[in-house]
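Sequence order for the protein chains is A and B. Heads up: the first sequence is residues 0 to 278, going by numbering that gives the first Met the number 0. Heads up: the second sequence is residues 0 to 331, going by numbering that gives the first Met the number 0.
Note that these hints are calculated values from the structure, not bench results. Since this is a predicted model, take the numbers as computed values, not measurements. Please note that a few of the clues may not be correct.
Stated by the list, open to error - Listed below are the simulated BS3-like cross-link pairs for lysine-lysine, each with C-alpha atoms no more than 27 Å apart in a straight line:
id : chain 1 : residue 1 : chain 2 : residue 2
1  : B       : K217      : B       : K204
2  : B       : K49       : B       : K204
3  : B       : K49       : A       : K97
4  : B       : K51       : A       : K97
5  : A       : K23       : A       : K247
6  : B       : K51       : B       : K217
7  : B       : K41       : A       : K97
8  : B       : K41       : B       : K51
9  : B       : K317      : B       : K217
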Amino acid sequence: MINIVVALPAEARPLLDHFRLRDKQHNTAFPIYRNTDMALIVSGPGKVAAAAATALLAGTGTPHARAAWLNIGIAGHAHHAIGSGYIAHRITDSATGKSWYPPQIHELSTPTENLYTVDRPEDNYPAAALYEMEASGFFPVACRFSSSELVQCFKVISDNRTQGTTAVTAKLCVQLIAERLADIERLINTLSGMADEYATWHAPHPDLEQLSARWRFSVSQQHQLAELARRWKVLTADQPLWLEQLEKTRSARAVLHCLEQHLETLSTSSPSTCSVPSI
Amino acid sequence: MFSTIYIEEQVADHLRTREICARFPQATQVQCQRYGEVFNPKSQNFRLQKRKPALILAHKHDRRILETPAGYGIGGRNNYYFSHMLNCLYDCRYCFLQGMYRSAHYVLYVNYEDFGTDIDALLDQADNKPCWFFSGYDCDSLVLEPVSACMQHFLPFFAARPAAHIEIRTKSTQVRSLLQQTAIPNAVVAFSFTPAEIHASLEHKVPNIERRLEAMQKLQQAGWQLGLRFDPLIYRDDYRQQYARLFQQVFSQLDTERLHSVSLGPFRLPRTYFRNIVRLYPDEPLFAGSFAESGGMVSYPEELEHEMTGFCTRELLKHVPEAVLFPCRLAA
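Turn these sequences into a full structure, and let the hints guide you.
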């Protein structure tokens, strides 16, 4: 699952078409588009709007706590060529001076660059960095919902010292994003792949929900059950958690006791894995 | 090796920073004010980052040399440890670093000279009585040596200070820089081992036992003092056979009479680290067994821990005299 935040409808258009994002939600403060494994929100310009839209998308989305997040948009740079694409390796909020460092753990050949989020369009490009208006609002908020390795910003150069911000039109914006769709798709696939893998590591035992529904577990007991189910899943290679003995069990406490007992009797001598003591 | 190098502003012009960056001309250099901005943020996942950690070059401001926990040592009275680096190129599943740090990036402190100044101050304080300095606590001492040249710096430093003893703890075979220098009597190169089966399943990227033994043989021939560290002891149903085989293999290939020290220690982790690691690796069989918690530490149940330590001690005493054997007795 990947969540995409863009500022402008013109930045969104090529993405909506390419990824067949539909089902616009009209009842939210920002337009949201979805397909089965992607959601896109159009925030409007500025870091505050980006932060609000990111939070809204996290709140209204399906419960993919380990989704990847991507901020896509246009940016200026003193001398980078119009149309070239960059991943941000440092995001600095110009107003506060605070910086964030999205970890670059992917193997993509897309170049990376420093990025400054400014409150007004920057025409002088004082530092050798990307200049745009959303990333410092997007990144820290998205990191509240996902691990920072899964949160990235991709920017396409729309203006530089040769061709300033006044030349940036909606039509140019559509064209610039459309021309970088291959890079964007690679980045999306990479991030989604990592997010899926992350989710797989933490997938609970498939029977956990059934057990939780059948007996009334206190919050503390729910934690104990989840931990027993985790161990069970590893030690039995996903064998069903539903034991015959459980059918006769009346209380949640007795269920936990039964599972604990059973875990202790499990043989743990597997030649292919590191076995564990069963005391 | 590194595609991103983060550089603290303070060390941007440091000679070591320039030398290290020159080795990785393709790496993207990212400036940061303090390394904690990159290394410490909450929303990071050690397991994901371990796929492709970056290098962070930084300045260590304080707390450079620390006292070891009580019970940690190999016979000396004044025991300290220092880490010129945080995190390790290897990926051992039992390692406490996974639970201690949020980031898997490698932090390399380039101000080695300041570590030296602090060591001198401690030696003065101890009236030049013997002091032990353990390196390789928060990292492997040698694995990044070709890049860091840390031991290349510190060995001449220790050679000039006979009262200061250094333990260089490693699982690496990067011993070239040691072999290029004359062995010094106050340095011990200590290699860690677990049985081959455990190495295969838990010690990812670590050179195999044979290669480590080859490196040890070369060092021994060159006159370096060697140590053996069987720490942590990892349980398996057939741990007795596995450890007996390992000891047989190791001691048959080294001159045991010239071994400086042998130590062993049970698998133990502070509770918070253990929980963090289980959160990172919920699918790891090592953490699916029964563990006991006591005094904030998670370990194998006491009975099992004693049994394993006792067995391994008895086995080791078949190969080495008691005088060089140091079981780790950390307070629970």
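Hints, one by one, checked against the model:
1. K217(B) - K204(B): holds, 22 Å
2. K49(B) - K204(B): Measuring from Cα to Cα gives roughly 12 Å; hence the hint holds.
3. K49(B) - K97(A): OK: K49(B) and K97(A) at ~26 Å, within 27 Å.
4. K51(B) - K97(A): holds, 25 Å
5. K23(A) - K247(A): The given pair, whose Cα atoms are some 49 Å apart, is violated under the 27 Å limit.
6. K51(B) - K217(B): The given pair, whose Cα atoms are some 32 Å apart, is violated under the 27 Å limit.
7. K41(B) - K97(A): holds, 16 Å
8. K41(B) - K51(B): holds, 18 Å
9. K317(B) - K217(B): Holds. K317(B) to K217(B) sits at ~24 Å (cutoff 27 Å).
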